[in-house]
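The listed protein sequences derive, respectively, from chains A and B. Position 133, counted from 1, in the first sequence is what this note's numbering calls 133; the numbers after and before it change by one each time, with no gaps. With positions in the second sequence counted from 1, the corresponding number in this note's numbering is that position plus 173.
Honestly, the hints are just simulated from the structure, not real lab data. Among the hints, erroneous ones may be present.
Claimed, not checked - Taking lysine to aspartate or glutamate and the EDC-like style, the derived pairs with C-alpha atoms no more than 16 Å apart in a straight line are:
hint: 1; chain 1: A; residue 1: K24; chain 2: B; residue 2: E264
hint: 2; chain 1: A; residue 1: K135; chain 2: B; residue 2: D230
hint: 3; chain 1: A; residue 1: K24; chain 2: A; residue 2: E76
As the structure is a prediction and not an experimental result, all values here were calculated from the model.
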Amino acid sequence: MTAAIFYILSAAALLATLMAITRKNPVHAVIYLVHAFFALALIFFILGAPLVAAWEVIIYAGAIMVLFLFIIMMLELTPGEAARGPGWQRWAPVILLSGSIVVCTLLLMTAEPQAGPGGPNFYASPRDFGYGLFKEYALAVEIVSFQLLFAAVGAFYVGRGERTRRRARGDER
Amino acid sequence: MITVNHYLVLSAILFALGTFGVLTRRNAIVIFMCIELMLNAVNLSFIALSHHLGNLDGQIFVFFVMTVAAAEAAVGLALMITFFRNRESIEVDDISMLKW
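Isolated chain B (complex conformation):
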């Protein structure tokens, strides 16, 4: 018998893996993909709780999360292209000018 806890644990593990990827990888595009993965883990917990509570609102919020992810991917990848044009690189270590 699978309870809602199973889905939430899976979601937490996926979120942790995404965080791990964001913190360890140096390629900005891979970091972006890890952020998409974290958004997906959140979607999974939304839908699991929507199923558990018998409420549709969780699925509707997944719709909004998806539109935010699409907008984020469009703007973020345009930023990557501009950065690559200026620096010939996509490593986050080269974007340290604003670092304190």
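If we strip away everything but chain A, and leave its shape as in the complex, we get:
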């Protein structure tokens, strides 16, 4: 049962990745990559990592990919011409991928979550994860939080507009 779900999900992840790296239109590439991340999140769930699976959806598919989408649309990078060919041909891959991912999600919801194949019967609950993270790796968490702060400051500094730059030089009227 879980084996079949694993094979379907890995096929979905590979197909989505292949589509993502071959699309001309970057918006389509983002959509396919989000599908790949959803499939990978379900594989993480099979492997007994429910919290990491949730993060995969929230951080990667939710935050980072939407940021990419904003930038692509802000810079108007999409090619002008519309795609050729009949409609179903353009929609078939994305419908196939979303359908298989939804079916696998429903199957996993009904199946036993702990019954992961391969290795010991390992299941990391969010509580175990929090203990491990904030006891053993507390210093690393602090360093990573500093890194996020520096990244935010760096992104602001690099991406500041011409007006802010002029004001910093002091020749703003």
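Assemble the complex: chain A is given as a structure, and chain B must be docked to it using the hints.
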């Protein structure tokens, strides 16, 4: 029966596809997305080995990889915006000034 090898092979294929995308695509934002994909392939092998060994440390390292990816996306996209303002393009072929 699925062993840890299946997960590692899937991870290797995803990593190879990401590398292929980085090497063949010319759009800097798509190259960035391929780098995210490679980080995800590494996450998969971390979690597969964490499951195989019954050890939590792999999942905790995935947390750190994710924060690094988020920071990288923020700074990298700010760089793209600045570059686009100066050159009106996002193709990596136009960023060859530093090439030896």
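Take a quick look at whether K24/A and E264/B sit within 16 Å of each other, Cα to Cα. The given pair, whose Cα atoms are some 13 Å apart, holds under the 16 Å limit.
Measure nothing beyond the straight line between the CA atoms of K135/A and D230/B; if it is 16 Å or shorter, mark the hint as holding. holds, 12 Å
Hint consistency between K24/A and E76/A [alpha-carbon to alpha-carbon, up to 16 Å]: holds, 14 Å
This entry satisfies every hint, going by the numbered hints stated previously.
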